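Q: Same order as they appear, the protein sequences are chains A and B. When you line the first sequence up against the working numbering, it's residues -12 to 101, in that order. When you line the second sequence up against the working numbering, it's residues 4 to 115, in that order.
To be clear, the hints were calculated from the coordinates, so they are not data collected in a lab. A quick note: this is a predicted structure, and the numbers were derived from the prediction, not measured. All C-beta atoms in this analysis are idealised placements derived from N, C-alpha and C, irrespective of residue type, glycine included. Nothing false has been slipped in among the hints.
Just the calculated beta-carbon pair ranges, DEER-fashion: (1) A:S68 with B:R101: 27 to 35 angstroms; (2) A:K70 with B:E48: 26 to 34 angstroms; (3) A:K65 with B:R80: 39 to 47 angstroms; (4) A:E89 with B:S11: 24 to 32 angstroms; (5) A:S68 with B:S15: 39 to 47 angstroms; (6) B:E18 with A:N39: 47 to 55 angstroms.
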Amino acid sequence: EPEVTQTPSHQVTQMGQEVILRCVPISNHLYFYWYRQILGQKVEFLVSFYNNEISEKSEIFDDQFSVERPDGSNFTLKIRSTKLEDSAMYFCASTGQGDDTEAFFGQGTRLTVV
Amino acid sequence: QKEVEQNSGPLSVPEGAIASLNCTYSDRGSQSFFWYRQYSGKSPELIMFIYSNGDKEDGRFTAQLNKASQYVSLLIRDSQPSDSATYLCAVWGNTGRRALTFGSGTRLQVQP
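Chain A extracted, bound-state conformation (with noise of 0.2 angstroms):
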């Protein structure tokens, strides 16, 4: 069964370093999406790509982050200066074409800014 992979499945930095958290859509996707969730907190949508470019994104969101899909593949997160507040799990998605809302959530990545 298709299924969304994401690495690393736990990430480890310090504040005001630079993170890139990857991930693999679906193949046969076309929306990308990467949401977090803060330990305790509810799930929060951050951005959707679609056609290489941001469909749209949340008020998280902000000039820190940064996403990209450097070839076929692979769906990227970037993290510029990572703040203690930006700990948590970030859960990549993607869903298909039209229509399909049915997102695939990859198995997330736990960040952790120390």
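Starting from the structure of chain A, add chain B where the hints point.
A: Leaving out everything else, chain B in the frame of chain A:
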């Protein structure tokens, strides 16, 4: 007003009973509705989705949607201890966004 509301629980039911999970949403323009199951430290796993008013059944799970009342529910029949998890209600199209808006989840405990 919260966009997607769920009772945080825990909802405790005995093994074999029916668990009923509820969710309300604020935006009448929301298009589709999803239930995800999340085990601690894991990613959301899609259980069911529903687009139209009424009931939709899949095995032990039944999703119910009432757009007039802006209400979605999930029934789990013959609950098993392995069903113990947090159940997330998610709404697609809230405020026109082509993405999911999640509730905070209801923790379900199925007692053996």
